[in-house]
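Student: Listed below, chain by chain, are the residues.
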Amino acid sequence: MSSETQKILTTDGIPLEVSLKKVERRNKFKAFLLVSPLLFFLLIVYISPIVGMLFNSVDDRMVTNMLPKTFSSMETWDGKELPSEEVFKSFYQDFKILVDKDEHGKLATQLNYEKNGFKSILKKYGRKLNNFEEGNYKEQTVDIHERWGNVDYWRAIQRRAPAYSYSKYLKGVDMYQNEDGKIVQVEEDRRIYKKLWVRTLKIAFYVTLLCFLMAYPIAHLLATLPMKYSNLLMICVLLPFWTSLLVRTASWMILLQQQGVVNDFLVWIGFVADDNRLVMMYNATGTYIAMTQILLPFMVLPLYSVMKTISPSLVRAGKSLGGTPFITFWKVYFPLTIPGIGAGSLLVFILAIGYYITPELVGGASGTLISNQIAYHMKYTLDWSFASAMGLMLLSGVLAVYWIYNKLVGIDNIKLG
Amino acid sequence: MRKLSKLLLTLVFALSVSSTSYAVVVASWGGAYTESQKLGYGDPAAKKLGIPIDWVDYSGGLSEVKAQKAAGKITWDIMDVFAMDTINGCDEGLFVKFDFDKDFPPAPDGTKASKDFFTSMPSKCAVGNILYSWTYAYHDGKIGSKKPKTIKDFFDTKTWPGKRGVYKSAMHNLEMALAASGTKPGKGGKKIYKQLSKEKGLKKAMAKMEALCKDPNGGCVFWSAGAKPPELLMQGEVVMATGWNGRFFNAEVGEGAPLKQVWDAQGLDYQYMVVVKGGPNEADAMKAIAEMTSTEGLAGSAKYIAYAPWRKSSLKVIEAGEPWYKDGKTAMMGQMPTHPNNTKSYILIDAVFWADNGTEIGEKWEAMKSGL
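These protein sequences, in sequence, are chains A and B.
By our numbering, the letter at position 221 of the first sequence is numbered 221, and the numbering carries on one by one without gaps.
If you count the second sequence from 1, you need to add 417 to reach our numbering.
Be aware that one or more of the hints could be misleading.
[What the hints assert, rightly or not] Below, simulated BS3-like cross-link-like pairs (lysine-lysine); rule was C-alpha separation at most 27 Å, straight line:
{"#": "1", "chain 1": "A", "residue 1": "K138", "chain 2": "A", "residue 2": "K101"}
{"#": "2", "chain 1": "B", "residue 1": "K529", "chain 2": "B", "residue 2": "K569"}
{"#": "3", "chain 1": "B", "residue 1": "K677", "chain 2": "A", "residue 2": "K115"}
{"#": "4", "chain 1": "B", "residue 1": "K620", "chain 2": "A", "residue 2": "K171"}
[What the hints assert, rightly or not] Computed far set for chain A versus chain B, every beta-carbon distance over 12 Å:
{"#": "5", "residue": "D78"}
{"#": "6", "residue": "D102"}
{"#": "7", "residue": "L122"}
{"#": "8", "residue": "E134"}
{"#": "9", "residue": "I192"}
{"#": "10", "residue": "L239"}
{"#": "11", "residue": "G260"}
{"#": "12", "residue": "T368"}
{"#": "13", "residue": "N406"}
Quick caveat, the hints were computed from the structure, so don't treat them as lab data.
Cβ coordinates follow ideal geometry from the N, Cα and C atoms, glycine included.
All chains should be modelled from the sequences, with the hints used to inform the complete structure.
Tutor: Written as structure tokens, this is what we have:
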């Protein structure tokens, strides 16, 4: 009975501990209710599309469900020679159902991604379907088109059997799984993505560097000039920032083209000959110039907000202790601006790595980035699962950059203002 | 004053909401082309049927309409599409299948619609709209005294140094490259496609384009919007550019630009209209598309742009009404890609070939481009 007396009870006879916990729970619930709109918002507009994209990039159930009999009869096939009569028969049965449901076009599109030439032979197959006679499906199928007698096409069908596959990710780095199950590079004249990943990283890196080199003096001026001038300068930084991205890119096109303002000026001062005007657009140069200008404010603003908080007396103290201007800058001022550099660089790099519209307009062939390829597959080849896979690879690249930055500098050191 | 403006604003809003709720929305390619469609048959059809027809721009492909369908809200009723897309879209069940003689009016002399068409349709979902052509053009004032005449001249960077404007995808570029490297097109370009379906021919065509784009005296500027090639030529950014004949015609005759077209080995292609299955106004869209692609309708669009109508009976209307162009003095028949003067050597763009091989060739093309 002693334990009972030790418990403190509230006036209505419930132990105080329980009562307190109840209140705490209620408060927690209230707090959760307060943030729940934000949570749902994040879930709906941020998390769910990413999860959907991930799912989309590996999901291949559509083909699996379209040819159930074919795939089950293919299980024993070794892939060396043409499959058995049974496979041909089950393919005929599967395809007949698809034609009745008017869904065979989707299958043709999917198989055509796997191997070219499927579209027309499936179409022909669909047309001849009603003339098929019972028995000897193999012969009748091969009679429709010689490609049906090519074992490569049947291997391509077999590759689509698993319900989930990571083949799109392999394709994103110019690889594929060959007949023996080994992961190998694609033929040389089809390698493109590795090159583009490297180019994207390279351009993003140099744009970040250029932005840093240009933004640092601007931000320093902004932070140290008297209010009267710095406000004007600030407007000069912000005005382009507020202007539409498209307008700015289009203006660069007017400036940079061969008959454009910059070239006209250079010819006028005699720097270049009229018939030898500089090519500054539809190549990587155009991408560098336009992207640097467009992303510059994202570097200036974090730098400025950090520099603004650095007391001028620190630099004066450094000088009075005998430091040369360079030493005081390097030992006192510069280390204090690192959080701003980190924030600005991360911001610019991450924005640059996924840039789309500017490279599309001024980049030409040598200045386009990986996001242009993603758009190409979204819009023209309609291979959305491949586009999703590349989108996710890009996203994981950004996360990797973030992680490396966190390891090297520490994310707590970032200061956006 | 303030009350009035508020009232006006509400009215405009109400009007725009109500008008979009029952207008038939047509997605087309924009610029001079959409203008010709709107003035030529869109507005007359809308007036006749009492159904408003709205035009929106898009840049081809099925991605938007597929996305609309996936999102459960289709906003387009009619689309103006490439042959390849009608095949793909029809196979995937995106478009309405037609019964040509029932859904489309006969020619004035009573010929059934299906017999009045230029040739048979590539799929049951497509109704022919225009025949257009991939040609190349140059700036007459800037090219010098020697003028390009053949498809080979497009690749001749010695005589005519400078950049070339070419379409950003492989389509038509490879056909043109093969024709320029000496392959005779044959009837309608059959020989070209025979070559292109072989590894060797494809490599040859690709190498020809690569050589042109890598040539220090040449180089390529890739375009995607149809309005771009005339613009690039006028700016002097390129010396020659491939493009769509109607756009060049519009710049040349409509706006008086000094551009000249070369018809040698032109790539003749068809353009179609489709009705989107499950669009907001499917029933009205069927009426509108029938009216727009009627004999009178198609002839009407040729008043504004040099694209040939799909119906043979429309050509008779134009011939009888010459000079047919909107300025009242330009004869249209000679400007058509189907005119005998222009079809001495031509390639009929093969939609089935591209539907089949587009993905792989596209990959190789992009890989080639990324190495420039």
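Student: Which hint numbers doesn't this structure obey?
Tutor: Violated hints: 2, 3, 6, 7, 9, 11, 12; rest satisfied.
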